[in-house]
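Novice: Protein sequence lines, in the order shown, are assigned to chains L and X. Per my numbering, residue 383 is the first one in the first sequence, and the count goes up by one each step. Per my numbering, residue -4 is the first one in the second sequence, and the count goes up by one each step.
What the hints contain is simulated information worked out from the structure, not anything from laboratory work. Predicted model only: the values in this text are computed from it and were never measured. Just so it is clear, CB atoms sit at the ideal spot from N, CA and C, and this is done for glycine as well. One or more hints might be untrue.
[Stated by the list, open to error] A few chain X residues that face chain L, going by a derived Cβ cut-off under 7 Å, partial list only:
id, residue
1, Gly130
2, Cys132
3, Tyr158
4, Thr161
5, Pro175
6, Asp176
7, Pro177
8, Ile380
9, Gly400
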Amino acid sequence: MAGTASQASLLLQKQLKDLAKNPVDGFSAGLVDDSNVFEWQVTIIGPPDTLYDGGYFNAIMTFPQNYPNSPPSVRFTSEMWHPNVYPDGRVCISILHPPGEDPNGYELASERWTPVHTVESIVLSIISMLSSPNDESPANIEAAKDWREKRDEFKKKVRRIVRKSQEML
Amino acid sequence: MDSEDDMHDANDSADDDFYSGGEAGLAASDDGDADYDFADHDSDDSGELLSHRQQQNYSILSEVDIKQRQEDDINRVSTVLSISKSEACVLLRNYNWSVSKVHDEWFADEERVRKVVGLPEKHMELPNDREVTCGICFESCPRGAMSAAACGHPFCSTCWRGYISTAINDGPGCLMLRCPDPACAAAVGQDMINALADDEDKEKYGRYLRRSYIEDNRKTKWCPAPGCEYAVEFVMGSGSYDVNCNCSYGFCWNCTEEAHRPVDCATVSKWILKNSAESENMNWILANSKPCPKCKRPIEKNQGCMHITCTPPCKFEFCWLCLGPWSEHGERTGGFYACNRYESARQEGASRQKALGDLQSLQNDKLEKLSDIQSQPESQLKFIIEAWLQIVECRRVLKWTYAYGFYLPEHEHAKRQFFEYLQGEAESGLERLHQCAEKELQVYLEAESPSKDFNDFRTKLAGLTSVTRNYFENLVRALETGLNDVGPSTSHGTCSKSATSKSLGGKSKSGKNRASSTSSKSGGSNRGVDDSNIWTCDQCTYANPKSARACQACDHQHR
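Just need the whole structure built from these sequences, with the hints factored in.
Specialist: As structure tokens, then:
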């Protein structure tokens, strides 16, 4: 186990260094606590030209000891209103599903977790999720209903959480 | 089939009544080779005792057989399509191990199949640099330490091992493993697993592969008995669904429940549901409201015993539990507060369990003991095992006849009556066999020295076994054809008699079972009078020409 744990931490440290050297547009990332490389704090900037434009949303990424063979979990700590985010903030996108959950291959290979994913590719996936919600298999059913049937209501709620996120800065 | 029946009849025909242990029981020993092959306990033939009258339409596969067949299939595809074995394996897995389907699809559109399955035609080489960067850990490694699937996406062996191990430990999904690159669909086959994974994972992968071969193939299934490792290959479209595994468990191929001839699968699932998960609800509904069996007015039972009298003008008296007329109830069926008519069904399961247990203890030590006491070689005691196997099988059939009876339409009065008669006869016949195999055997087990009459015992038990087998085989056949001999509107008495001699015909001639001898007692003399050209033997009911002075079947003198 020690072997894989150190592989995971080496890989995460490497990514941390790379992101510090070459920051990526749209988010910033760092450790919650400098002594623990398995827990990251990321701030995602609401993508322009979407309902979330202008918001600053904080999330915590928790990596398992056997990363990159298993995916991290991502949870928004800022208030969030989105069909693919559980009411408690957990993000539900297919690339974060553990590899074994879909043995029948209903999800395309490109949609499942593979060890090639990095902090960067995960956050970019979340940003793309913000700009195009998937209401087929919603994590937050109320939000999905609003998104589908009462788009105005949905917009209003998102605008409120965007404002709140700005106030928290 | 018929001719075989005749053979049995001929062998048994000298018998006066097997149940009373006549000499003719010896005939059973000449009863064709099939039975004896079985008793060899080679376990290869264990299906034969129970289904030796049918052509076997399935084969039992051991682990070795499974491996062999799988390899043969893979080799076949690999040779015909000129692809590697590992690729052939991926292909077969994708098309549920059907060689013909793989061939059809491949030759219809090879390009499409390659794309769907993830087998690119051209193998991409690793980049030609001395050092290559791993796509997972971003470390640079010497080219030799890197591997890739056919797509050429390079990853270091540490990362591969982790990737493969995670997939294998996540379950059978690992058989569909693809390149770790999310945009790439190239398949990762067994050759890569064998080159990159550790031994434990390789073995697991092999197990999943074998399981998939049985489970994903439409023609094969695992034996559902707990702990049994045999698989069964079944040939569709012929005969019954019953399968007898080498582990001695009998099951229905179609629904994988325990073998349930003569009842069909739908009835079985209804019956199981009734007796299990939903039984609480069912019990509540059954216990709280029922329509009167005669006038269909709903009745709620709020107190009192099981004897219900519907309110006037109907006034029908019936049993609350089984809804049968009360006139058929009384002390015999458990008094006023119970009804054992369907309780027996549950007990039947228990009797069978007990018989199975007895059989095992018999095989494990009693037989050896008996062989010592009676100074008989164990090979000469096979008739006892055979008797017990027959008991177990009959108990199983008997159990399902209760489900059959439960779902027999209420209005088919003649059929119901006939069915209950047959069932009763089957029960008492089986009881005799069971008694003989259990109680009478005990005497010889406790004896001090070889018993003189042990050979008589052998004759009797072998005879009973054969008779009971025949009776049950005919019973099953009669029930499976829906008791067609019984017209729905005929009057009861005569109808059930004529049907007995017809549907259970094979034996009524030779009188091997009580069913026919009983019917002959009440009906035989009548028949003799009706038809002046023949007389019916009192003992075996065989119809003899008037000229014969002794019964042609059993030598019984005509009075």
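Novice: Run the structure past the numbered hints and jot down the numbers of the failing ones, going up.
Specialist: 8 and 9
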